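2 protein chains.
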Amino acid sequence: MSEHAYEFDRATAIDEGGRGRLHDGWDINGNANGGYLLALAGNGLRAVAGRVDPISVTAHYLAPGKPGDVVVDARVVKQGKRFTTVAGSMTAGDRTLLQLVGTFGELPRTSVATSPYMAGGPPELPPIDECVARTATGPVPTPFMNRLDVRLRPTDVGFLTGDKSGVAETAGWLAFADGRPIDTLSLLLVADAFPPAVFNLDLDAGWVPTVEMTVHVRAVPAPGPVRCLFRTRFVSGEMFEEDGEVWDSVGTLVALSRQLALLPR
Amino acid sequence: MSEHAYEFDRATAIDEGGRGRLHDGWDINGNANGGYLLALAGNGLRAVAGRVDPISVTAHYLAPGKPGDVVVDARVVKQGKRFTTVAGSMTAGDRTLLQLVGTFGELPRTSVATSPYMAGGPPELPPIDECVARTATGPVPTPFMNRLDVRLRPTDVGFLTGDKSGVAETAGWLAFADGRPIDTLSLLLVADAFPPAVFNLDLDAGWVPTVEMTVHVRAVPAPGPVRCLFRTRFVSGEMFEEDGEVWDSVGTLVALSRQLALLPR
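If you read the protein sequences in the order shown, they are chains Y and X. Using our numbering, the first residue of the first sequence is number 1, and each one after it goes up by one. Using our numbering, the first residue of the second sequence is number 1, and each one after it goes up by one.
The set of hints was computed from the structure by calculation and includes no laboratory data. Among the clues, some could well be false.
Copies of one chain are not kept apart here, so a pair can be met inside one copy or by any two copies together.
[Unchecked claim] With a straight-line Cα cutoff of 27 Å, these simulated BS3-like cross-link-like pairs (lysine-lysine) come out:
1) Lys78 to Lys66
2) Lys164 to Lys78
3) Lys66 to Lys81
4) Lys164 to Lys81
5) Lys164 to Lys66
Note that the structure is predicted; figures quoted are calculated from it, not measured.
In isolation and in its complexed conformation, chain Y is listed as follows (with noise of 0.2 Å):
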């Protein structure tokens, strides 16, 4: 696996046999990052389905991560003519991670701005050099950090200072610490790389297990990196959900998500 100019590429690197490993400093506080593994099982699932471009994947996280060895075992359960639909897991040892399904296909090379309907754009955000880097220290220790390259809207940086601002939100740049392009399969990472939007609210948060999360991935990024948006609305029932929206450089929707995370009891 060692081809690989970009640590993304090594990190997700899946072998024909499914196999692949879950590398150390991917993590927040020792468990692997939500948005890595999928990227890592997405690959996985790319692979099975012969098609370059994740469409729609869910996840359901069963057990964190740790760095070592991991299969996905994934089978086609539709080959249609635009898209191909595939159902799989991704275990270490004896212990599932994650379940999945996903759905693949070819989306054209290069973003299109335009479109019949759009009821919204990116995110304002000030210029990258005006927002705040994330950076691998804060309340929990998050080397994933040191992967990317993520700089925060100001306002959306409370949660770090001690002053957060009462709303969920989370929002930025990103882009990789490498300089790898953002490709489709990456966007499942980018889909769960930003502090949790309910850091800002005055929650004893500190840990916000994953239920479930899907992404929509819905044009090829061009290059430069992207905006996002990360937002919750309705905190209930010790659940909440997070949207995510990432756009490109020129403005172009690339992928939505939608998480379904625990509160702590």
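Use these hints to put chain X onto chain Y, whose structure you have.
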């Protein structure tokens, strides 16, 4: 299966072998409604899970449903203290209709309107009597609508009258036509029971097949009709998302849904 007093229960009955039957009359122009398919399959999944409430259920829609026998084949992939996750499919003969993964649990039996954070509330709707009954007639026959009592917000019925609003929303009240209470299983039906929000756009979108739908059930509905809002924000790449919110009669959020659907090419 004749012991059930209500149509929905007869139409979603599953025996111990996972066998059920797609009933006639739950279709739109001959194809079973997607929410009905999800509720039928969901009933099979929850029997395997052994927990009453769907928490998050995802289906990929692989083939249209026609009246006849189906089998829901599912297995437990994780049984935890709080939730049980199952994966499986619903097939008709050798055709897979839906590929599924779902997490089930037990929600509190009464809905609780208090929450630490709600950035929004139920849609503003006129009283039921001032909304417009959605009938089985329209641009295409929708026999499915005879099973439900759907009352649309007057501003959202332009797709029927030729005066489209240009805003991709449909909202209104929903109850079962035969008075069956709305429980958590039937929220899977509700999530796809309204006319597509894009019908109110100036697009030639008579049939908009669902690729994938995910429903999060957040609370057990209180008695009475539910208030629903379905909205599409982004139509691009021949695809769009439709996001649904379902609120019960006392103002508690009971479900969120999102589907990815296709525009005709």
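Taking the hints in turn, this is what the structure says about them:
1. Lys78 to Lys66: For Lys78 and Lys66, only the inter-copy Cα distance (18 Å) is at most 27 Å; the intra-copy one is 32 Å.
2. Lys164 to Lys78: neither (47 Å within a copy, 36 Å between copies)
3. Lys66 to Lys81: Between. Shortest inter-copy distance 21 Å satisfies the 27 Å Cα cut-off; intra-copy 38 Å does not.
4. Lys164 to Lys81: Answer is neither: 49 Å inside a copy and 33 Å across each miss the 27 Å cutoff.
5. Lys164 to Lys66: Neither: 31 Å inside a copy, 53 Å across copies.
The structure is inconsistent with the numbered hints 2, 4, 5, although it conforms to all the rest.
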